[in-house]
Amino acid sequence: MAVAVSKVRFSDPQIEMAHGAGGKASRRLVEGLIAPLLLSSPGDLLGDAAHVQIDGVRVAITTDSFVVKPLRFPGGSIGELAVNGTVNDLAVSGAKPEAIVATFVIEAGLPIEVLDAEVRAMAEAARRAGVRIVGGDTKVVEHGKADQIYISTTGIGRSMPNVHVDPRAVKSGDKILISGPIGDHGITILLARGELDIEADLRSDTRSVLPMVEALAHAAGSGIHWMRDPTRGGVATSLNELAHDCRLGITIDESSVPVGDAVRGACELLGLDPLHIANEGQFLAVIAAEQADAALKALQSVPGAEDAAIIGEIREQPAGALLASTKYGATRIVDMLVGDPLPRIC
Amino acid sequence: MKYVDEFRDPELIRKTTQEIRRLVDPQRQYRLMEVCGGHTHAIYRFGLKDILPENIDLIHGPGCPVCVLPMGRIDDGLSIAKSNDVIFAAFGDMMRVPGAHGSPLECKARGMDVRIVYSPADALKMAKANPTRHVVFFAIGFETTAPSTALVIMRAKQEGVRNFSVFCNHVTIIPAIRAILDSPDMRIDGFIGPGHVSTVIGCRPYEWIARNERKPIVVSGFEPLDLLQSIVMLLRQLQKNEYRVENQYQRVVPWEGNRGALKAMAEVFQVRPYFEWRGMGFISQSALRIRDAYAEWDAEVRFSVEGLRVTDPKAAQCGEVLKGVLKPHQCKLFGTECTPEHPIGALMVSSEGSCAAYHNYEHRKLVALS
Amino acid sequence: MCLAIPGKILEASTTENDATALVEVAGVRRRVDLGLLEDRPRPGDWVLIHVGFAMSKISEQDAIDQMRTLAMLGEAEAAMTEVRGYGSGDETSAEPPQGSK
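Residue numbers (the working numbering), protein chains in the order written: chain A, 578 to 923; chain B, 27 to 396; chain C, 2 to 102.
I should point out that these hints are in silico values taken from the structure, not numbers from a laboratory.
Just so it is clear, the structure is predicted and the values come from calculations on it, not from any experiment.
A virtual CB, placed ideally from N, CA and C, is assigned to each residue, including glycine.
Possibly wrong hints are sitting among the right ones.
Here are the simulated DSS-like pairs of lysine-lysine, each with C-alpha atoms no more than 27 Å apart in a straight line [unchecked claim]:
| hint | chain 1 | residue 1 | chain 2 | residue 2 |
| --- | --- | --- | --- | --- |
| 1 | B | Lys41 | A | Lys904 |
| 2 | B | Lys289 | A | Lys722 |
| 3 | A | Lys748 | A | Lys874 |
| 4 | B | Lys151 | C | Lys9 |
| 5 | A | Lys722 | B | Lys358 |
| 6 | C | Lys9 | B | Lys108 |
| 7 | B | Lys340 | B | Lys358 |
| 8 | A | Lys904 | A | Lys748 |
| 9 | A | Lys646 | B | Lys28 |
| 10 | B | Lys108 | B | Lys28 |
| 11 | B | Lys353 | C | Lys9 |
| 12 | A | Lys904 | B | Lys108 |
| 13 | A | Lys646 | B | Lys340 |
| 14 | B | Lys75 | A | Lys646 |
| 15 | B | Lys28 | A | Lys904 |
| 16 | B | Lys151 | B | Lys108 |
| 17 | B | Lys154 | A | Lys646 |
| 18 | B | Lys75 | B | Lys340 |
| 19 | A | Lys874 | A | Lys673 |
Some chain C residues judged to face chain A by a derived CB distance under 10 Å, without partners named [claimed, not checked]:
| hint | residue |
| --- | --- |
| 20 | Cys3 |
| 21 | Leu4 |
| 22 | Ala20 |
| 23 | Arg30 |
| 24 | Asp46 |
| 25 | Gly53 |
| 26 | Met73 |
| 27 | Leu74 |
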């Protein structure tokens, strides 16, 4: 029961920022224009990485590009994001990352110290993640044609034998786990831009989630039906995509979703919802109900994942939608955003 | 979070809804209007409709300053920013509102210098930091926000900052409530009054609603317990056929309002004889313009704007939804031509617009469960 | 029009012309303008913040009073039920007397 991706029609006259924000507009662009033309089997569901068979060996491959302002922020920089992002995409698709190649598109005039710092950051991130960077490419464009530097990474990995994630494996009753508190990265970036004059003791959560995925695989293996790292668009977007792909409903309990104080404070102040904010060091997993508790324990025992929690479950209804419930018996639909979440005053 | 979490306590919410159920007359239909868009947003965000009895109907009022702004005003504001020397600064709420030639964000994508600010004070700071450019601040909001704009304009004058001006679209709440009550197809039993506007104007301006229209009005806070308690207070009045102004939001709202804020507004603004409200037509004395003494900081004086009226597509029923005559999903365009992704009216763009709130938080519940 | 959040004043700086304060909301800090408040708040006070301006001082006492009122909801009614149950002659009360909670 593959969901036909090409049924989506894309008729926007020009590309807008919203198309890159990871929400509805991005999805429409990919499903409506790019995938139908590029993919050899456009009816396939789009995951974080693609698995291909090469001479009987199942290999995962993924690519991602990193555009962030400012380049350096509390907790990390574009270089780290570039390595961890691709490592994580491979990990949550059920693959052990083996090698990465990187492309740099650099704006003429960029001081060498900036480039040096990012390359060092990538080397360190790769070392920590246990992945090799084996090659890459460099291009320089005129001043003004790139925001200082864009980095793109492509990674390959070996599919984990006992992990096979697929939205079609998701069943009613399955539990949803998150590896830790949400929103740290997106809010850190928002504050680091300095336009809002807000300060907080907050750092990006960028890191490799591979050790956590491996612990989960060890504890629950075939009980893991789906995983995703909720980057741009946040948990709300990832779960909406899942609900859409598996044609089931998802209900999360708002009070069980871990959110740090500073993220919460910034979101209340700016009128943002933590569920829509990007994360760079967390992942969601959908686990068969009977294995969920053991899976959670295994996850919580990994350093850095102590705050992992079960946040909800899969249900039959409302099919295709994500609901958040409160402790006093009310629910609300949590939709994907169209573009980036914007601060509001109303 | 202090002063927030206590007012979201699940046990107390359960208790308060029990009291509401105890108070309602099962034979009666109650139509309560929350005037303020922020209340509309809170009602959906906290799922309050799920826990209220069926015979309480919450009608969404026109208190969404983004929703009531006619498209022509957005075009005028953006036309000022077309020149390369101008920086267009506005709250995030405005960024996706469609003008006839695109929303501010779309204009930004095409190269216009459009920036989001959290505070009008930040727009003034931006002007000081960019002395060779002119910053136009697109001011919106009811009386909650107008005093801050006023203070910033006063500072701009005091400090002699010449490269800064304000395109003023501040509107006032009382004429909007009056327009609702004057509407022939309206039946409201009581009002949930705008809590944050009232921190500025106080509770006295609502006394005519109780006295002349004989409707109860309770000025309410924005947390679930605030709204639920306000409904309790309204029901108690309705039960006894009373009509008074009450202040539920006492921890924040002073009965006499905020004198400093009112002074700042009076110093900088005067009331426009009339102003067009999207979907509601021209309402007299319902908006503010900058006084002549501050003309140099008035973008409408510094720049020439076309002032074209842009009418909404005939099929869009924004006005009726704004006045609470129609529910969002009853508009013919809701969910089909008009969605958050491609909004036709501002009620679908603004996060506190009833159409957006309904679409994002509620609509798919009905569709999926049906 | 309505997004306003309570924050605690950490430190205030007043000059001739304007007053700002460093305010904290759950671990997040921002300078907030006190220019609209004739009665200047002090460190430790809580204020309601909207678009970077303090709109009102929050009354701790009123908040406590409100919580108390809410907590008592339904208890007056429960007390009445108890009273009725002690044979006051009200035929509609079918409940036997309840012990006090």
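The hints, checked one at a time:
{"no.": "1", "hint": "B:Lys41 - A:Lys904", "result": "13 Å, holds"}
{"no.": "2", "hint": "B:Lys289 - A:Lys722", "result": "49 Å, violated"}
{"no.": "3", "hint": "A:Lys748 - A:Lys874", "result": "22 Å, holds"}
{"no.": "4", "hint": "B:Lys151 - C:Lys9", "result": "24 Å, holds"}
{"no.": "5", "hint": "A:Lys722 - B:Lys358", "result": "44 Å, violated"}
{"no.": "6", "hint": "C:Lys9 - B:Lys108", "result": "41 Å, violated"}
{"no.": "7", "hint": "B:Lys340 - B:Lys358", "result": "11 Å, holds"}
{"no.": "8", "hint": "A:Lys904 - A:Lys748", "result": "24 Å, holds"}
{"no.": "9", "hint": "A:Lys646 - B:Lys28", "result": "33 Å, violated"}
{"no.": "10", "hint": "B:Lys108 - B:Lys28", "result": "44 Å, violated"}
{"no.": "11", "hint": "B:Lys353 - C:Lys9", "result": "39 Å, violated"}
{"no.": "12", "hint": "A:Lys904 - B:Lys108", "result": "49 Å, violated"}
{"no.": "13", "hint": "A:Lys646 - B:Lys340", "result": "42 Å, violated"}
{"no.": "14", "hint": "B:Lys75 - A:Lys646", "result": "41 Å, violated"}
{"no.": "15", "hint": "B:Lys28 - A:Lys904", "result": "19 Å, holds"}
{"no.": "16", "hint": "B:Lys151 - B:Lys108", "result": "21 Å, holds"}
{"no.": "17", "hint": "B:Lys154 - A:Lys646", "result": "23 Å, holds"}
{"no.": "18", "hint": "B:Lys75 - B:Lys340", "result": "31 Å, violated"}
{"no.": "19", "hint": "A:Lys874 - A:Lys673", "result": "22 Å, holds"}
{"no.": "20", "hint": "Cys3", "result": "6 Å, holds"}
{"no.": "21", "hint": "Leu4", "result": "5 Å, holds"}
{"no.": "22", "hint": "Ala20", "result": "16 Å, violated"}
{"no.": "23", "hint": "Arg30", "result": "5 Å, holds"}
{"no.": "24", "hint": "Asp46", "result": "18 Å, violated"}
{"no.": "25", "hint": "Gly53", "result": "8 Å, holds"}
{"no.": "26", "hint": "Met73", "result": "19 Å, violated"}
{"no.": "27", "hint": "Leu74", "result": "14 Å, violated"}
Hint compliance for this structure: hints 2, 5, 6, 9, 10, 11, 12, 13, 14, 18, 22, 24, 26, 27 are broken, all remaining hints hold.
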